[in-house]
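Protein sequence lines correspond, in order, to chains A and B.
Per numbering that gives the first Met the number 0, the very first residue in the first sequence carries number 0; after that it's consecutive.
Per numbering that gives the first Met the number 0, the very first residue in the second sequence carries number 0; after that it's consecutive.
Among these hints, one or two may not hold up.
[To be verified] Pulled a few chain A residues facing chain B out of the computed Cβ check, cut under 10 angstroms:
1) G67
2) F152
3) F153
4) R158
5) S174
Treat the hints as calculated values from the structure; they're not laboratory data.
Just so it is clear, CB atoms sit at the ideal spot from N, CA and C, and this is done for glycine as well.
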Amino acid sequence: MPRRKKADTRGVDGAWERSPPAPHRRRLRVYALDPATALEIDREPLHAVVLEVPWESATGGRGSLSPGPVGEMVEVVDVDPASGRFYPPIDLDHPHLLAQDGAAPSTGDPHFHQQMVYAVAMRTIGVFEQALGRRALWADHVTVDAEGRTRRFFVRRLRIYPHAFRAPNAYYSPSKVALLFGYFPAGEEAEGPGVAPGGMVYTCLSYDIVAHETTHALLDGLHPRYSEPSNPDMLAFHEGFADAVAIFQHFTHREVLEHVIERSGGQLDQENDLALLAVEMGRALGHGEALRTALQPSRGRRRRLDDVEEAHDRGAILVAALFDAFLAIYRQRTDDLLRIAGVGRTGSSGELHRDLVRRLADEAQKAAGHLLRMAIRALDYCPPVDLDFGDYLRALITADRDLVPIDERNYRLALIEAFRGRGILARGVRNLSEEALVWRAPRTDLDPARTARIFDALESAKVKTSVEELAALWTLTNDRATIWKAARALRAKLHGVLTRLPAGWAREELHLVLDEVEQRGIHTDERGRPSTEVHSARVARRRGPGDQSTVDLVVEITQRRRGYDDPARQRAVDREADAAAGEGVPRADFLVRSGCTLLIDLVRREVRYAIRSRFPIDDDRCLATPRATRGAELERDLRADARAAPFAGRFAPIDELGSGEPFALLHASTRISEAYAGTDSEADSEADSEATPRVPRRAEDPR
Amino acid sequence: MSATMTPPAAGVKVRAYRHGFGDCFLLAFPTADPDVAWYLMIDCGLFWQYKRSDGAGIREQLAAVAADLRDATGGDIDALVITHEHYDHLGGFHHEESLRILHDEIHFRELWLPWTEDPGDDLAEELREEADLELRLLRRELLAVARRMGVRSLGVEDAEAGEQPEALAGLSFADELLGFSRSTSDALAAVREMFEARTDEAGDEVVPRRPTRYFDPGDLHLPMGPDGPRIWVLGPPRSRQALRSNERSGEHFESGADHPLRALDQAPAERRLAALHTALEGREDAGRSDAARAFERGVGLELGELGEEAAPSPELEFFRRHYGLGADDGNDGSDGGMVDGGGGAAAGGPGEVDDQDVEVADDAAWRRIDRVWLGELDELALQYDNYVNNTSMVLAIAPGDSDKVLLFVGDAQAGNWLSWCDEVVRCDDGAGGSVSSHELLQRAVLYKVGHHGSHNATLRKGVELMTSPELVAVIPTDEEWAWHKRSSGDGGWRMPFLPIYRALLERCRGRVLQTDSGLPTDKPRMTPRDSDGKEPFSDEEFAESETLIAQHAGEIAELAARLRSEELFFELTIDP
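Build out the structure end to end from the sequences listed, making use of the hints.
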């Protein structure tokens with residue numbers, strides 16, 4: 000189909016005075032869950048829903064949209080190497096599609112597949128942007144040239160391949176900054192409504208799977224170091240968080256929600272469609288009703304965090320905790336309604352009144368929406384590296400308190416109780432009260448004069464102006480490259496200020512080491528001080544005093560160190576004080592990072608929170624958990640290789656292989672991605688030095 | 000020194016060839032006539048791309064082995080065993096130079112093969128058809144991928160063994176598999192042909208047809224009658240499931256301390272493979288209708304036709320702009336693939352662009368996915384390869400005058416091992432009673448280590464059953480070559496696998512013989528950090544092996560004293 004020029008909204012003779020304003024939203028039809036559930040007669044409301052996504056168009060609006068769809072945030076490229084086909088792109092601006100909410104749901108029409116991945120990805124991005132109050136950025140593309148210099152590149156759009164390979168899997172590939180969806184004919188074990196052996200299953204038509212993978216991409220854009228398995232919760236967090244975002248989106252589909260409430264008599268804590276994830280895929284693989292469920296388990300004893308080890312399983316505990324909190328909040332919000340209607344908690348007799356269903360759905364939708372936004376906002380309150388679920392609970396509580404100082408509806412209590420119930424504990428916290436869980440500010444009382452100087456320095460570097468500019472850009476502009484550049488400039492500025500903090504105070508309160516160190520394993524600059532990366536600088540809005548919205552500067556600072564599997568080797572490398580200068584440090588087995596996230600109120604001149612990793616980089620205790628976690632991963636790596644016999648080791652991760660991707664929907668072989676071990680992590684680590692782009696640096700490790 | 004390999008007066012003599020990364024063994028048993036030996040030959044091959052560090056190619060190596068086999072036996076070998084259909088076990092029957100000697104200058108009296116090669120066996124026939132289908136599908140899919148990557152044909156189709164195929168060299172195991180599987184089936188055909196009747200020009204039969212025997216697990220064969228050697232057959236198991244199982248949790252030797260993750264459920268991987276299988280089969284069964292395509296025939300454009308020569312169209316324009324033409328060179332984008340931000344669709348005005356300002360190009364090659372499917376094919380290829388290893392014939396051989404057993408396992412993997420070391424295979428003991436596979440293992444004094452010592456071809460349970468204080472292990476390998484072997488861009492092979500080597504040292508009291516370096520005291524330490532592959536073995540693990548070697552210096556010296564070391568082989572006599 001020919002690509003149309005900018006649509007002419009004026010009459011033939013140009014006589015129309017004004018064109019109609021651009022709409023805010025584009026309406027697109029998608030499967031509410033997936034094609035299998037759309038085939039069930041008694042789940043009629045689940046068949047298809049209309050999603051409203053931001054209006055991007057060649058005719059103007061928030062950004063441009065061309066066939067693909069290729070918009071400002073995502074680009075759908077439908078290349079299918081396994082079948083040897085290329086499916087031409089859909090043109091969503093075609094009048095015929097505009098007039099009927101896009102292409103009709105169909106498994107046999109690639110145009111609909113393209114439309115659905117676009118719509119669901121955009122919707123998920125929208126949820127993020129709304130919660131964070133700023134535009135989302137994807138992970139940078141980082142390269143290392145022959146001389147070992149690293150460069151970062153701005154990736155404007157997330158690439159989406161709806162038919163990337165022929166296997167029951169899907170993943171976000173950090174190396175391609177792309178979502179890859181597989182398709183496969185269901186096997187003999189396929190069982191359940193809507194699936195049959197041999198029937199084709201498309202992972203790109205599962206709302207949940209698309210939302211899940213898009214969330215991986217968004218999270219990676221915000222926290223690139225969260226793909227490093229430095230503790231058992233790290234990859235699990237990625238998985239659980241992505242599942243939670245997918246599941247809480249179910250509640251935005253009004254028809255589905257009312258249907259479920261009607262069928263369950265208002266109870267959401269029994270197995271229901273809202274709590275199931277990837278129904279069709281689960282059935283096609285013979286898993287039962289769904290691939291995963293937020294109700295863990297549906298029967299029997301509650302699963303707790305220490306019962307499980309694999310990343311998806313641990314992630315499921317996080318989802319379960321968030322869902323438990325949701326259920327508690329929902330119950331609290333609906334008790335009165337049910338009492339008024341004379342419906343008991345243990346189940347109603349007969350059908351609920353239509354009005355009651357609507358009111359219950361209102362409450363469920365609100366509660367789910369609130370919880371989802373809390374979950375996303377908490378990401379700004381997490382440590383830059385090495386997060387665990389306990390940290391995340393603290394981030395949830397702190398972030399929510401910043402937005403809603405008085406917790407009238409007891410959301411925070413519900414979260415604390417739900418996490419406790421799943422065995423998720425926050426370390427180093429005296430008790431589980433809200434006060435104890437809120438992150439603390441660094442102490443400044445010991446040397447107020449010196450810490451005050453931080454703010455003088457920030458002021459003289461005109462950081463405040465930059466932050467304000469960035470905050471404005473983040474809400475106003477459509478050109479995210481401008482935001483990216485502004486954020487980079489701010490990072491460089493902050494690097495200059497933050498590395499000159501009083502060293503004793505920084506180590507004690509921020510776990511940042513700014514003095515010279517002796518351990519050779521620590522990556523240092525030319526003066527022997529740990530090299531420091533300001534790896535993120537962004538703005539976070541919150542409700543300030545007097546209910547005014549104010550802006551905090553969020554800065555993430557990290558340092559890194561070479562880790563060795565063998566503690567003796569570690570000691571040898573670290574303590575070889577008299578090693579000849581210039582002699583290379585042996586290749587690391589893994590990298591350890593530590594650092595902190597600072598939330599800074601530039602107006603009131605205070606560091607509101609210092610969210611630190613466990614230990615400073617020069618404290619040898621920082622090595623233990625990454626080493627043990629890596630040991631466990633290697634163990635699995637080896638087992639994966641065992642499958643890849645006859646020649647052990649030969650098939651250790653090929654980057655393109657789904658099994659080598661850290662974010663595969665199903666882990667074929669639970670290998671460590673190349674990104675975490677050996678060459679790549681070293682290369683990757685060199686990218687850190689990018690924080691001071693203008694200062695030419697001596698090549699650090701002449702290996 | 001006479002070239003002939005004379006049998007001992009009692010017991011058996013074993014010659015283990017040291018030609019490289021492959022198996023070849025010759026056993027000499029005494030007969031009633033002191034001047035006549037009874038020779039058994041097991042396998043003759045080399046890995047198809049093997050090259051010795053001194054540059055000797057596999058042709059010369061195999062020819063030298065063939066010549067020695069001829070000279071050692073006077074050109075008369077009583078039985079030839081081919082354990083399984085892999086090039087490193089029968090490549091000698093493929094190359095012209097070695098085949099000429101084996102074919103023309105040695106008279107083989109019998110051929111012994113596992114039941115899986117029996118044309119009259121229904122299950123074997125079924126399994127072969129399945130395997131053939133897999134190979135055909137792999138070839139077709141791989142060809143399609145190769146074409147899209149700008150490779151015109153699969154180099155392996157024509158590549159000679161010993162050469163590096165050109166096309167997808169080093170990229171794909173599936174490609175490699177196709178290469179050697181063809182040469183391997185040619186080799187097996189050549190072996191079978193040797194046993195057919197031979198006629199002279201006049202059409203008169205000069206050499207009669209000689210028998211091929213197929214063995215089932217549980218068989219006892221007495222080639223010289225009740226007083227000669229006894230040969231028990233333990234594998235391959237008659238079970239598709241077992242043959243397809245190449246790994247089982249907790250059965251293998253593993254590195255490092257116990258980790259709680261050991262018992263992880265690997266089911267998703269198996270299911271994934273099964274689904275992939277279904278996908279490929281679907282395509283085959285449906286013939287031209289291509290049931291496993293994403294969509295009906297006719298939907299979309301042929302990817303292979305979207306090249307530079309294609310006629311201009313909006314579709315081609317989109318493809319060129321957002322995906323890019325040309326081969327995906329597999330580059331991760333470290334160089335090129337970028338344009339200045341000013342050139343990007345929506346970057347700021349021309350004046351704002353500075354030289355650090357870059358945005359990823361829409362058609363960057365590193366974002367393409369042409370190779371993703373290759374990875375999936377590789378998994379299938381590996382599964383196939385493991386299956387072939389599992390069809391290895393496993394023999395427990397006892398000389399006529401002794402109860403000691405020599406265990407030859409081919410390259411059996413988990414499914415095969417478990418069928419006789421976890422379960423029990425009962426055999427006739429040749430004296431009216433019966434003997435179990437476990438008892439035979441307990442009597443083993445020589446263990447031919449499976450699959451060059453790889454980590455999943457020697458099971459923990461099996462080794463635990465080998466309790467004889469005399470046990471000697473022989474590992475046919477070239478550790479250094481394997482270490483540097485690259486296949487899909489990642490580190491070399493660990494053969495022998497250190498935890499297995501260590502377990503064998505312990506079990507054999509130091510008497511572990513490697514065909515490349517020989518005795519443990521001469522074994523070089525393959526230091527992992529010198530290689531660019533990652534390596535899960537710690538210094539402690541290496542140190543443990545070294546401690547064991549030091550502890551058993553006496554036993555190793557004793558072995559050295561009774562070992563005949565030649566450049567081409569080691570020879571060991573097993574006394575009754």
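Right, here's what the structure says about each hint:
1. G67: Hint holds; G67 (chain A) Cβ to chain B Cβ min 7 angstroms, cut 10 angstroms.
2. F152: holds (5 angstroms)
3. F153: holds (5 angstroms)
4. R158: Check passed: Cβ of R158 (chain A) comes within 5 angstroms of chain B, closer than 10 angstroms.
5. S174: With Cβ-Cβ at 7 angstroms, under 10 angstroms, it holds.
The structure meets every hint from the earlier list without exception.
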